[in-house]
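Residue numbers (this note's numbering), protein chains in the order written: chain Z, 1 to 227; chain C, 1 to 255; chain H, 1 to 229.
No lab work stands behind these hints: they were computed from the structure.
Treat the numbers as computed from the prediction; the structure is a model and nothing was measured.
Be aware that a few hints might be false.
[To be verified] Cβ-to-Cβ under 7 Å is the rule here; a few derived chain C residues that face chain Z:
#, residue
1, ASP147
2, ARG245
3, VAL248
[Claimed, not checked] The calculated label-pair distances, taken between Cβ atoms and stated as ranges, are:
#, chain 1, residue 1, chain 2, residue 2, range
4, H, ALA130, C, GLU151, 38 to 48 Å
5, Z, ALA15, H, ASN28, 48 to 58 Å
6, H, VAL39, C, ASP230, 47 to 57 Å
7, H, LEU45, Z, ARG85, 52 to 62 Å
8, C, ALA233, Z, ARG85, 25 to 35 Å
9, C, PHE202, H, ALA130, 25 to 35 Å
10, C, ALA142, H, ILE6, 28 to 38 Å
11, Z, ASN121, C, THR225, 38 to 48 Å
12, Z, ASN52, C, LEU228, 34 to 44 Å
13, C, THR225, H, GLY161, 21 to 31 Å
14, Z, ARG85, C, PHE202, 51 to 61 Å
15, H, LEU45, C, TYR120, 18 to 28 Å
All C-beta atoms in this analysis are idealised placements derived from N, C-alpha and C, irrespective of residue type, glycine included.
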Amino acid sequence: MSDPATNPTPADRSAPAVDLRGVIALLGGFPALSGIDLRVERGEIVLVAGPNGAGKSTLLNVCAGLVPVARGHAEVLGTDLRGDRGALRHRIGLLGHRNGLYADLTVAENLAFWADMVGANEAEIAAALTSAGLDGRLSSVRVSALSAGQRRRTALAVLLVRRAELWLLDEPHAGLDPSGRDELDDLIRLAVASGVTVILASHDLERSRALAGREITVKGGTVSEAA
Amino acid sequence: MTPSPQTSTRRATGTRATRVLGIVTLVMLGWLGLFGLVLSPADVDQGDAVRIMYVHVPTVWLAYLAFIVTAVCSALYLFGKRHSLGFDRVAGASAEIGVVFMALTLISGSLWGRITWGVYWQWDARLTTTALLFVTYIGYLAVRGLDGTRERRARRSAVIGLLAVVEIPLVHWSVRLWRSLHQEATILDTDLDVDIDGLMLFSLFVGVVAFTLLFVWLLLHRSRTIALDDLLADRGIDRAIAERRAEVGPSGGSS
Amino acid sequence: MSPGRIRLARRLAAKDLLIERRSRVLVNQVLPFSGLVMVVFAFALGTGGVLERAAPGLVWLAVLFSSLSTVQRSFGLETADGAMESLRVAGVDPIALFLGKAAALAIELLVLVTVLLGLAVVLYGTEPRAEGIVLLVTTAISATLGLAALGTIYGGLAAGGSGRETLLPLLVLPVAAPVLIGATRGVEAALGTDRTAVSEGWPWVGLLLVFAVAIGVGGALAFGSLIED
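Sequences and hints are given; from them, build the entire structure.
So, in structure tokens, the structure goes:
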């Protein structure tokens with residue numbers, strides 16, 4: 001398992017993974033997030049629950065830097081989201097409804113591409129493949145020929161190879177059968193064991209609660225903690 | 001919605017300055033009408049049709065001025081320290097006015113050609129370049145219409161605005177060079193004759209001044225209506241945020 | 001231009017070309033389409049002398065129209081599964097992204113141009129002359145670089161969100177006019193159409209290069225803002 005902690009400077013290792021205060025985010029003028037307070041420490045697994053349209057996806061997209069922060073204070077991995085996000089390069093991984101893969105390339109080729117982006121070596125690629133259960137014959141199969149579960153695991157393997165420190169997972173279990181979901185959970189636990197912080201939004205509450213150390217509920221674009 | 005003191009003073013985009021400007025513009029346009037239609041002589045060859053020139057030439061000038069204003073404001077927005085959205089508003093307003101003036105140029109040029117020489121279109125350098133730029137800036141306006149946050153829209157539009165202005169010399173040179181190859185007699189010679197009559201030249205000058213004033217007046221008003229639109233949208237957002245928080249109900253919600 | 005950035009760009013271009021080699025979209029779809037366009041031009045113009053005289057322009061018209069599909073394909077493979085978003089989330093240098101995409105696009109367009117020029121010899125009876133070869137190659141490369149840069153800029157913009165794909169032709173075609181004019185005149189001079197001398201083609205190459213540099217530099221710097229949604 002590759003060491004995900006090779007990138008950051010010593011100073012921000014103590015900073016929380018996510019620190020949001022009064023964050024408002026707009027999607028085309030609509031306040032998808034109407035005031036979010038959230039603090040996630042390094043190495044936590046936090047489950048984000050809530051009804052559809054509550055803003056769970058937007059919350060993850062804001063942390064990933066895809067949706068801009070309109071108002072409020074937002075820091076991820078010690079870096080202000082409203083400033084220069086250069087320090088966050090390659091440290092955040094977002095897995096949304098799509099996998100971010102190139103369908104015509106094989107699993108190994110997709111991983112090799114991302115490995116070259118961050119300067120990871122062959123050993124790290126092999127390790128990521130093994131952790132994701134994609135080594136052997138599977139690694140040379142085109143992504144377009146994989147099952148939904150295998151594609152999900154490939155996407156997470158990319159996050160491993162990229163040594164991402166923060167994983168933002170939006171409904172990762174959706175579209176997977178129970179064994180696929182189990183494999184996914186194993187991979188998540190493996191990553192967390194080596195220091196990755198995970199925030200996941202999911203409707204599969206029973207499974208996710210077993211996984212997560214903490215749960216928050218998002219409703220109407222704002223947060224209410226659960227016990 | 002009960003008008004706050006703020007809204008009642010900003011209900012319209014007119015100020016004393018624009019009212020004065022507007023009156024001066026009307027006067028100048030009146031002068032243009034007088035000189036262009038009555039006082040200046042008809043052309044020896046073209047007859048009264050030459051009077052279209054008093055509209056055609058100023059509108060071309062204004063269109064290019066408008067796009068330069070767009071480019072300058074785009075640069076000021078993009079490279080300025082504070083990224084002031086005011087520049088973005090002026091850039092957008094100017095482009096809209098520029099497109100309108102370009103359309104007027106094309107229509108007046110087309111009419112002029114039709115009346116005088118029987119052809120609606122002429123592949124001369126200026127008309128062709130204007131047509132290409134017309135479509136380019138319609139593309140710019142389309143990019144302005146894409147959704148996203150105001151800052152992202154402004155940044156994206158500023159980039160496209162600068163690229164488009166870089167286009168102007170490139171298109172102009174290539175079309176010019178191209179047309180110069182074909183040394184056939186350009187019947188619609190929109191390059192002015194050297195020995196144009198003194199009164200005609202003066203009327204043209206009046207036209208340029210009048211249209212420039214018109215441009216400034218339009219620019220001021222349009223930028224202000226855009227600002228008002230933005231204010232309205234902001235107010236709507238504040239209300240939307242409050243409504244969204246209210247969704248949660250009395251039981252939940254931290255802030 | 002840091003070596004890291006160039007290395008990234010090269011890796012990105014290699015990825016695009018690998019996908020093309022694997023999926024063969026350019027070869028199986030775009031090339032046949034552009035060949036068809038060249039044939040259809042003959043139906044529209046008749047097979048008299050007009051076709052041979054218009055050949056340079058027709059080739060570049062076919063290239064221009066086919067480039068739209070090529071650009072859409074290039075960005076389609078980024079948006080199909082959200083790969084572009086992953087690249088953005090990962091904070092990959094937008095300049096490197098631009099250079100990589102433009103480089104791959106340039107290579108694909110160069111293949112297109114070569115095939116179509118060859119087709120023009122076969123279908124339209126144009127005959128390249130020895131003294132014009134250098135001009136021909138230079139024109140083709142300069143024009144292709146400009147088109148690739150242009151396609152990458154607006155392709156990135158059009159890929160940003162839904163309802164934007166139809167913007168691509170509207171944005172590309174007017175801005176590509178100088179390339180169309182310059183490339184056609186350059187090829188005309190190289191071939192000797194209308195008794196043009198080879199020397200008359202070089203100013204047009206100059207124009208094409210200025211275009212490519214201006215649009216290329218501007219696009220590289222601006223790419224980051226354009227791919228945001």
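Right, here's what the structure says about each hint:
| no. | hint | result |
| --- | --- | --- |
| 1 | ASP147 | 5 Å, holds |
| 2 | ARG245 | 5 Å, holds |
| 3 | VAL248 | 4 Å, holds |
| 4 | H:ALA130 <-> C:GLU151: 38 to 48 Å | 57 Å, violated |
| 5 | Z:ALA15 <-> H:ASN28: 48 to 58 Å | 51 Å, holds |
| 6 | H:VAL39 <-> C:ASP230: 47 to 57 Å | 53 Å, holds |
| 7 | H:LEU45 <-> Z:ARG85: 52 to 62 Å | 54 Å, holds |
| 8 | C:ALA233 <-> Z:ARG85: 25 to 35 Å | 26 Å, holds |
| 9 | C:PHE202 <-> H:ALA130: 25 to 35 Å | 59 Å, violated |
| 10 | C:ALA142 <-> H:ILE6: 28 to 38 Å | 34 Å, holds |
| 11 | Z:ASN121 <-> C:THR225: 38 to 48 Å | 59 Å, violated |
| 12 | Z:ASN52 <-> C:LEU228: 34 to 44 Å | 35 Å, holds |
| 13 | C:THR225 <-> H:GLY161: 21 to 31 Å | 26 Å, holds |
| 14 | Z:ARG85 <-> C:PHE202: 51 to 61 Å | 59 Å, holds |
| 15 | H:LEU45 <-> C:TYR120: 18 to 28 Å | 23 Å, holds |
The earlier numbered hints that this structure contradicts are 4, 9, 11.
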